[in-house]
Amino acid sequence: MTKLTPTPGQTVGPFYGYALPFKKDNELLAPGSPGSIRLQGTVYDGSGSTIPDAILEIWQPDSDGNIVQRTGSLVRDGYTFTGWGRGSVGNSGVYTFTTVNPGPTAPGAAAFISVAVFARGLMNRLFTRVYLPENEEALANDPLLSSLEPERRKTLIARRDPDGGLTWDIRLQGGDETVFLDFQQDGSLETSVNADHSARDNKA
Amino acid sequence: MPQEQTAQALESEELVPPAEAHAAHVSPKKVETQADLSAEMKGISDRYAEALKNGRGPETMPRLDYAPYRSSILRHPTKSLHHADPETIELYSPAFGHQDVHALESDLTIQHNGEPQGERIIVAGRVLDGDGRPVAGQLVEIWQANAAGRYIHKRDQHPAPLDPNFTGVGRCITGDDGSYSFTTIKPGAYPWKNHLNAWRPAHIHFSMFGSEFTQRIVTQMYFPGDQLFPLDPIYQSIVDQDARDRLVAEYDHELTSPEWALGYKWDIILTGSNRTWTENEAYGDAGDEE
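The listed protein sequences derive, respectively, from chains A and B.
Quick note on this note's numbering: the first sequence kicks off at 1 and runs consecutively.
Quick note on this note's numbering: the second sequence kicks off at 1001 and runs consecutively.
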């Protein structure tokens, strides 16, 4: 089959706030219900300032590691876990989700939540993962984590809070920049991060 | 709020969308003009043309590092994206259905008691994956300014009128053939604070899901022939002209509804699918038959 060229992304801009959020968008299940945890964190820019206009999406298996294919994320009935949620950061750059600890999708696999990041000033969405911190053996064997330098690897692992929740910050830029992922197989599509640098450096 | 306080708030904050971060090398006191920005964009464009001539392949996505869009300066990763093979959850997409979206949400002109102001349009097309397979039963969300170029959003203080009959938000679920259709109002251009006299070309924000989470996309659809294209750093952040053209809808007289609304056609191609598809998934029920 002929491969079609993908449509480019664009920034989510500053004005998604009346469009993308919806009621209980960040509550994959009701806060306080059995098994629920809080996933929270702060989104930072390259100067270390918090970003007040970012919006995140999480997509994860249930606590048994099953991938859920049930509708009802936008109009939640309070009982159906759909595995997907959307959360805007507040003025202080903090996001919060109510969810469950994702289960490993295969025996011995490291459990993680898939994350998409959108923000004003961010030209295209970024993908990343947040891993549960506990199963060190699984983390050590994880194909993605084991391909990263230790310093970078830790940007993808959440901290366990005393209340059982998870804290995980996102840094869009800087020394401790979060690892963001490129899933394209041919390697040509998403290489635009520093595409202009070689030309610029040559000129300088 | 008392009158005095309002005036003060406007003065101390912004009349139009948010102040943008400045590059370290740009003096914050200097007022940057369109000419300054256009020169900067031309430099990037010239270097890209040169790289193409030297045999580099075309770029298909926006630059994450595109300094003329000032807000991107501190908000783009400086390390290369890390190549990963998508696993498990990433190879699936959340499921959406008619519990999530009411059929009427695709008509942005009937959300209030009266008719909104402006030029009524139909925007329709198909969502396809990189192999041309329709993306069926997936969520499409849109949001936009009204005909005067004003968003409902509280941070939009552009002094253009709000329209009590227009919110500018729509949703739909794609059909079996990947099709979507919205009835709306043609949005106006609007000013922003990237530089002095910065205006965004008219656009509709689109958010789409594919059959895998790795295909998730948020983008903007533009209208053909907009004079603001060469001046706009967000549109120009896509340095390749063919790639830019993929964001521009096509006027389609077949789609135009007589004595009712002009039609614009725009298809969206998601990034390639990573999952190995079974015949039945790829071709639907037809795959069951020899």
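Among the clues, some could well be false.
[Claimed, not checked] Below are the DMTMM-like pairs computed for lysine to aspartate or glutamate, each with C-alpha atoms no more than 20 Å apart in a straight line:
#, chain 1, residue 1, chain 2, residue 2
1, B, K1079, A, E151
2, A, K3, A, D25
3, A, K3, B, D1131
[Said to hold, decoys possible] Just the calculated beta-carbon pair ranges, DEER-fashion:
#, chain 1, residue 1, chain 2, residue 2, range
4, B, G1043, A, P143, 51 to 57 Å
5, B, E1115, A, E134, 45 to 51 Å
6, A, D161, B, A1103, 53 to 59 Å
7, B, A1103, A, P31, 30 to 36 Å
8, B, D1252, A, P31, 18 to 24 Å
9, A, G174, B, L1196, 51 to 57 Å
[What the hints assert, rightly or not] Here are some of the chain A residues that sit facing chain B, going by a computed Cβ distance under 7 Å:
#, residue
10, L4
11, P21
12, F22
13, K24
14, Q69
15, V75
16, G78
17, Y79
18, G90
19, G93
20, V94
21, L122
22, D176
23, E177
24, V179
25, L181
None of these hints come from the bench; they were simulated from the model.
Beta carbons are placed, not taken as given, at the ideal position from N, Cα and C, and that holds for glycine.
Evaluated hints:
no. : hint                         : result
1   : B:K1079 - A:E151             : 13 Å, holds
2   : A:K3 - A:D25                 : 35 Å, violated
3   : A:K3 - B:D1131               : 5 Å, holds
4   : B:G1043 - A:P143: 51 to 57 Å : 40 Å, violated
5   : B:E1115 - A:E134: 45 to 51 Å : 57 Å, violated
6   : A:D161 - B:A1103: 53 to 59 Å : 42 Å, violated
7   : B:A1103 - A:P31: 30 to 36 Å  : 32 Å, holds
8   : B:D1252 - A:P31: 18 to 24 Å  : 47 Å, violated
9   : A:G174 - B:L1196: 51 to 57 Å : 30 Å, violated
10  : L4                           : 5 Å, holds
11  : P21                          : 10 Å, violated
12  : F22                          : 9 Å, violated
13  : K24                          : 12 Å, violated
14  : Q69                          : 5 Å, holds
15  : V75                          : 6 Å, holds
16  : G78                          : 13 Å, violated
17  : Y79                          : 13 Å, violated
18  : G90                          : 14 Å, violated
19  : G93                          : 12 Å, violated
20  : V94                          : 17 Å, violated
21  : L122                         : 5 Å, holds
22  : D176                         : 11 Å, violated
23  : E177                         : 6 Å, holds
24  : V179                         : 5 Å, holds
25  : L181                         : 4 Å, holds
Checked against the numbered hints given earlier, the structure breaks hints 2, 4, 5, 6, 8, 9, 11, 12, 13, 16, 17, 18, 19, 20 and 22 and satisfies all the rest.
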